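Q: Can you make the complete structure from the sequences, with help from the hints?
Residue numbers (the numbering used here), protein chains in the order written: chain A, 70 to 410; chain B, 5 to 801.
Simulated from the structure, these hints should not be mistaken for laboratory data. If you're wondering where the values come from, they're calculated on a predicted model, not measured in any experiment. The beta-carbon is built from N, C-alpha and C at its ideal position, and this holds for glycine as well. Honestly, I wouldn't trust all of these hints.
[Said to hold, decoys possible] Between beta-carbon pairs, the in silico distance windows are:
#	chain 1	residue 1	chain 2	residue 2	range
1	B	Glu-431	A	Pro-308	51 to 59 Å
2	B	Arg-578	A	Asn-288	55 to 63 Å
3	A	Tyr-389	B	Val-39	26 to 34 Å
4	B	Ala-542	A	Tyr-389	49 to 57 Å
5	B	Trp-244	A	Asn-288	48 to 56 Å
6	B	Glu-451	A	Asn-288	48 to 56 Å
7	B	Asp-540	A	Lys-344	51 to 59 Å
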Amino acid sequence: MKAQVESLRTAALGALAELETLKELEEFRVRYLGKKGEVTALLRGMGAVPAEERPAMGQLINQLRSELESALEAKETALSSLQKAAQLKAETLDVTMPGKAQTTGGLHPLNIVLADLIDIFQSMGFDVVDGPEVETDHYCFEALNVPKDHPARDMQDTFYLGENLLLRTQTSAAQIRTMEQRKPPIRIICPGRVFRADEVDATHSPVFHQVEGLVVDKNITMCDLKGVLEQFAHEIYGPDTKVRFRPSFFPFTEPSVEVDVSCSACGGTGCRVCKGNGWIEILGAGMVHPNVLAGCGIDPEVYSGFAFGIGLDRLTTTRYKISDIRLLFENDQRFLEQFNG
Amino acid sequence: MKVSLNWLKRYVDIPVSLQELCDKMTLSGFEVDGVEDLSATMNNVVAARILKLEKHPDADKLQICQMDVGAEEPVQIITGAQNVFEGALVPAALHDSHLPNGMHIKKGKLRGLPSNGMLCSGEELCLKEADYPGAEEYGILILKEDYPVGTDMRDVLHLNDVIIDFSITSNRPDCQSMLGIAREVAVVLGQEFRAPVPAYKTVGGDIHDHIAITVKDYDLCPRYMGRIVRNLRIAPSPDWMKDCLKAAGMRPINNIVDITNFVMLETGHPMHAFDLRDIAGKQIIVRRAAENEPITTLDGKDHTLNSDMLVIADADAPSCLAGIMGGLNSEIKDDTTDLLFECAKFRRDSVRRTARTLGMRTESSARFEKGVDTRGTEYAMNRALQLIDELDAGDIIDGVIDCHEELPTDRVLRVKADAITALLGVEIPTDTMVDILNRLEIVTVREGDELVCTVPSFRDDIEGRADLAEEVMRIYGYDHIVATPMNGSIIRGKKLPERVHTDTLKATLIAQGMREISTYSFISAKAADSLRLADDDARREAVTLLNPLGEEYSTMRTQLVSSMLTVLATNYNRKNTAVRFFEVSKLFVPKALPLTEQPEEIPALSLGLYGDTEDFFTLKGIVETMMQRFAVRAEYVRSEEPFLHPGRQAAIVVNGNVIGTFGEVHPDVAEEYGLGVRTYVAQLTTAALFAALANTHTLYKPLPRFPAVERDLALLCDEALPVAEIEKIIRRAGGQLLESVKLFDVYQGAQIAAGKKSVAFSLYFRGKDATLSDADIDPVLANIFKKLSENGCILRS
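A: In structure tokens:
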């Protein structure tokens, strides 16, 4: 009997070592440790064992059972971790394959840049207003100190729609509407579409966009104008950008200036981008003309203000180095996809 | 304004480099548009004398010239020209020289013999007869005057000059002249300005014996001056004057014509010279033209005038278009003996209108349109007479006829010095302000804290404090303006609600893979035809441009669809296989035509898409997502847009109003636009969406505590019955317990009778206080079945 136990142990442990799957392991458990298994069969065969040997024999068989049980458990742990490893290995993906994307669209590049401008000026306390694209001669010219037949009208070729009705040539028209509706302090920008009878080419479009700015309050000076525009230039062109005023003429501002920024390509030393002079013209600005203030019922002896007009299309083409303004209005998907915002 | 540096130096010393001059002028308000160095066009070409001429031994047509070029040894140059002779002075391009025609001359051999350069023709030096006499004759240019051998040809031809092109802003007409620019240069460089002081001698006589001048319309001609010069000695102008005119791009003609042009360029005042014998009745009448009165101008063109136009007439007929162009009959001719000089001020708007109406633009009209100084006419006239005297071109008769009403007087402005600093924000010493203004000839004195400024008549643009501030600042230097933060209470910038909502709308569309496009607001009038709009379609009532760039940009759009289709077609033609686009823009709807007031500008949205995975329902999904985002309850009903597929289009109805339509593009319209793919478009106005969002106030609803119970229904119904109708019946019959209804299948095919369809819904029921049992739901379901069968829907399961 003792030999029988010993040979069963040897056979069982030998078989256990050979097992490779959890299924075989389960068969093993049934075969040796099940109710009808071989270890149980040994216990059942105890009747043939002399009585004085039975306790020792019983102990021996129970020992075998617990020995097999713990070996089985160890084997099970080993096998299941192997199997998990094999499964994970089998599930290996080619992680370089493309993802299943939910494609998003995007804003037109002009409006990406506009969103930045609005953000900058809104954070400086400027309200964002709108004005009509079809304007009257009064709002687009007369109230801006440009009477009929004034030579300044030659600066702009206007599309006319009827007697005194035109497509606005400048968002400056919104200055007047704003000053008629609001009392100082006024701090607004008016982004919008403007129109001039320019033939289409790489740098001209009959439809383009401006962002007009207007501030009217007591004690507003030209230094404040520079302060605001410098803030704007630092946000758009970088914190080291320098701002320069150059005298110019607009009928509705006095003094009037062209505003240059130091060329971001060369830092102001002169390069191809700035045509060698180190500066790039970005916008026109000035102190609101006393006639314009007075025309809107604002006393120029009490209040002063400044206005500026930013060309959005030019800002967009320079930011993205777009060589031809026509690309903005052609709307080729492969063009639009390059801009995210 | 093109300014010759040499000419400029007649009035002001320029002790700085060209670059510094340009920089300083730019920073004081006269931007330099360009600089042209005339001398850069040629080099190493000299006046040389032919010492000896021999025939080339091996070539019949070549001649060997020994040239004195001013060096110790003669230089051998071989030429093929036949008009050369020993002793002739000719231009010789030496070894390594450049010619204005682009040639680069190097020494070489001609038929075996060395040639160390080239003798030049006028053509090779790009000269015209007016540049040098004989320049257009065939052969080598034979120099007429005796220059020392070796003289640089640029000196011979007066090409050692630089032309600076200043951009003159429209408030400074006084700087459309050499003297105006010179005055500014003198101020920015701190140099003395030497304006010519006119003086001349006269020969007696009396102008009134020769001419009478009447101005009938002082409103268009505030001043008209005349002087008589007799016994003209018409001859070529001296070189210095020719050089000046050529540098300004004008062709020298003769001393009389050249003087009028020179004075115009120098002073900015256009002048005119009449042949006195051609003035009928010895009378000049400045008057409005009669209606349809004819005139033939100097350029030989005939014009028909109207009564808004000012003419200079004699006793018989108009002879000049005032300020624009002289007449053919009274111009100065080679045999003219006596002349009348005119120097006048014509009203700028009148000249502008007349020039535009007749399509004429001259140096003279350009200056009058910008504005000339009424008081400066006298100076210009005297300057012209001074030149007549200096060039001995004729005898100046005593007397002047000067017709004018009251002449403008000096304007005196009184401005507090602090008012100027307050506007600029920088402290400028008052004495500095006074000094700057005086240098600009705005005569200024201090009276207490006030500046008393006498504005010269040529500075019409200076009206008050702001203008004086600008004058001070542009000379003092804008680099003194320092950036300061604005004072004032802290305020938050706000967007108008419509802009906020538009941002939301765009974000919603972008999240669905849509790209924004931007197209012109004006389109072709034919777009309405391309979209097959009916003749009485309101969208044909469009605002049109009076002066469009062309037919394709002639009409303000009343719909966004045609622009969208054009963009989709562009993308389709460029092989972009799938696109999703949107545009937010305005529709221009006239209140009445012809237009009498501003049209309504209606904010609108268009959508457009095509691609393998797109169909009517992908577009509808985008529309529905948008409605959901704006909390709008929309209904979709069949619509009848002529440009959409008749069976695949729907109107979006909100609160009973159609706010837009969408659907598949009609195949004929797709073909018209060149779209070879099924394409889907939508257009809607956005006001209703924005209004709905503005009225939406989101409040939290407690999450359900009990599970929902799901029941599926399969129905058989007429194929024409819209599923939305069935859903409505179910919802209405379902009462409070029916939480939601979801369509999950529509089937037509083998097992379904023709003309019928099978429709399947999932119904979700939920109780507020308990999980619902069959006993709760069955009566509701029974009611739903009843209502469905009343409406022709039979339960399949």
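Q: Next step is simple, just say for each hint if it's right about the structure.
A: Quick rundown of the hints versus the structure:
1. The hinted window of 51 to 59 Å between B/Glu-431 and A/Pro-308 is violated, with their beta carbons roughly 28 Å apart.
2. Between B/Arg-578 and A/Asn-288 the beta carbon distance is about 56 Å. The supplied range of 55 to 63 Å therefore holds.
3. Taking the beta carbon of each, A/Tyr-389 and B/Val-39 are about 32 Å apart, inside 26 to 34 Å as hinted.
4. Restraint check, B/Ala-542 to A/Tyr-389: a C-beta distance of roughly 40 Å breaks the suggested window 49 to 57 Å.
5. Judged by the Cβ atoms, the range 48 to 56 Å given for B/Trp-244 and A/Asn-288 holds: they are separated by roughly 55 Å.
6. Look at B/Glu-451 against A/Asn-288: about 25 Å separates their beta carbons, and that is not inside 48 to 56 Å.
7. The supplied range of 51 to 59 Å is met by B/Asp-540 and A/Lys-344, whose beta-carbon atoms lie about 56 Å from each other.
In the structure shown, a violation is registered for the earlier hints numbered 1, 4 and 6, in ascending order.
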